[in-house]
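> Chain order of the listed sequences is A and B.
Residue numbering for the first sequence follows the working numbering, beginning at 1 and increasing consecutively.
Residue numbering for the second sequence follows the working numbering, beginning at 1 and increasing consecutively.
Hints in this document: simulated from the structure, not taken from any laboratory.
Treat the hints with caution; some may be incorrect.
[As the list claims (entries may be wrong)] Calculated lysine-lysine pairs in the DSBU-like style (CA-CA distance at most 35 Å, straight line):
no.	chain 1	residue 1	chain 2	residue 2
1	B	K17	A	K133
2	A	K128	B	K19
3	A	K118	B	K25
4	B	K23	A	K128
5	A	K133	B	K23
6	B	K25	A	K128
7	B	K29	A	K133
8	B	K22	A	K118
9	B	K29	A	K118
10	B	K17	A	K128
11	A	K133	B	K55
12	A	K128	B	K22
13	A	K133	B	K19
[Stated by the list, open to error] Here are a few chain B residues that face chain A, going by a calculated C-beta distance under 8 Å:
no.	residue
14	K19
15	V20
16	G28
17	K29
18	T34
19	T43
Each residue gets a CB set at the ideal place from its N, CA and C atoms; glycine is no exception.
Residue strings, one per chain:
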Amino acid sequence: MATPRTFVVPARGIGRKDYSAVVEHATQASMRGHQTRYSSVIALTLPTVPFGFFYTVYFIFPGGIVTAPATPRHFYNILNSTERNALVLAAFFRFNSWADYLIHNVDEWYGTVYGYGKAELHWTNGIKTEEGKVYAAGICEYSERPNFTIHMTSHSLFEEVVYG
Amino acid sequence: MAKGRKKIKPEKKFKPKGKVIKKVKAKGKMITITGDGEIIEETENPEVLLVEITKEK
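Take the sequences, apply the hints, and build the full model.
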């Protein structure tokens, strides 16, 4: 954890009737924090499958790793859309390990939604990742055509606090 | 256990069961970008899993 810096309150206003060292100290920012925003975007063409089947695509974290890092990441939404007004699926899963992901041994199922043209899962408070777990989205379009192209957008934030 | 006290059972988690049918090579791209628009990860033709839902509840 970073050490908060200290500073000297400049000698201005001392002697004025309305001067207060406490107020002057409180109005000077000593900590800044921010969250880095990331978006995952996919545009994939896949063979069409019957209802009851879907595809899963895993999230890749910075560095090319497939398991969540120690710094938590907050997922806020999964939005799947297609160019046609066909039935679309959006889902979000958590797996304990890569081996569990490969056999679809779900640890936590965050939801599945369907929609025509687009389907969106949205979490106001975000889903916080746990280190070492694999996170994957469910994607699919159901129509009579042999192939489909689906677009997915997912917004997430990394916790980062900067002192200074 | 005191007389008359009921044992509280843990809630059953709702987990749909699925079976991976096969791995499929998708045509297209997976991109991770920062809020500034900087591309930090890009994968072409990623491998996705085809899953069949075997149990709804």
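> If a hint holds in the structure, say so; if it does not, say that too.
Outcome of the hint check:
Of the supplied pair hints, the one linking K17 of chain B and K133 of chain A holds, its CA atoms being roughly 19 Å apart against a limit of 35 Å. Of the pairs offered as hints, the one joining K128 of chain A and K19 of chain B holds, with about 26 Å between alpha carbons and a cut-off of 35 Å not exceeded. For a cut-off of 35 Å, the pair hint linking K118 of chain A to K25 of chain B stands: about 23 Å separates their Cα positions. A threshold of 35 Å between alpha carbons decides the hint, and for K23 of chain B with K128 of chain A the separation of about 28 Å falls inside it, so the pair holds.
Restraint check for K133 of chain A and K23 of chain B: the C-alpha separation of about 20 Å stays at or below 35 Å, so the hint holds. For the hint pairing K25 of chain B with K128 of chain A, the CA-to-CA distance comes to about 29 Å; that is within 35 Å, so the pair holds. A threshold of 35 Å between alpha carbons decides the hint, and for K29 of chain B with K133 of chain A the separation of about 23 Å falls inside it, so the pair holds. The hinted pair formed by K22 of chain B and K118 of chain A meets the criterion: a straight-line CA distance of about 25 Å does not exceed 35 Å.
Restraint check for K29 of chain B and K118 of chain A: the C-alpha separation of about 19 Å stays at or below 35 Å, so the hint holds. Proximity of K17 of chain B to K128 of chain A is assessed by CA-CA distance (about 23 Å); at most 35 Å being required, the pair is judged to hold. A C-alpha spacing of about 23 Å is found between K133 of chain A and K55 of chain B, which places the hinted pair at or below 35 Å, so the restraint holds. With a C-alpha separation of about 29 Å, the suggested pair K128 of chain A and K22 of chain B falls inside the 35 Å cut-off, and the hint holds.
The suggested pairing of K133 of chain A with K19 of chain B holds, with an alpha-carbon distance near 19 Å, which does not exceed 35 Å. Satisfaction of the interface hint for K19 of chain B is found here, the shortest Cβ-Cβ separation to chain A being roughly 7 Å, below the 8 Å cut-off. Given hint, V20 of chain B at the interface with chain A, holds; its Cβ is 5 Å from that chain's nearest Cβ, closer than 8 Å. Taken as an interface hint, G28 of chain B checks out: its beta carbon lies about 4 Å from the nearest beta carbon of chain A, inside 8 Å.
Against a cut-off of 8 Å between C-beta atoms, the interface hint on K29 of chain B holds, since the closest Cβ of chain A lies about 6 Å away. The criterion of a C-beta within 8 Å of any C-beta in chain A is met by T34 of chain B, whose closest approach is roughly 6 Å, and the hint holds. Annotation: interface hint on T43 of chain B holds; nearest CB of chain A at approximately 7 Å, less than 8 Å.
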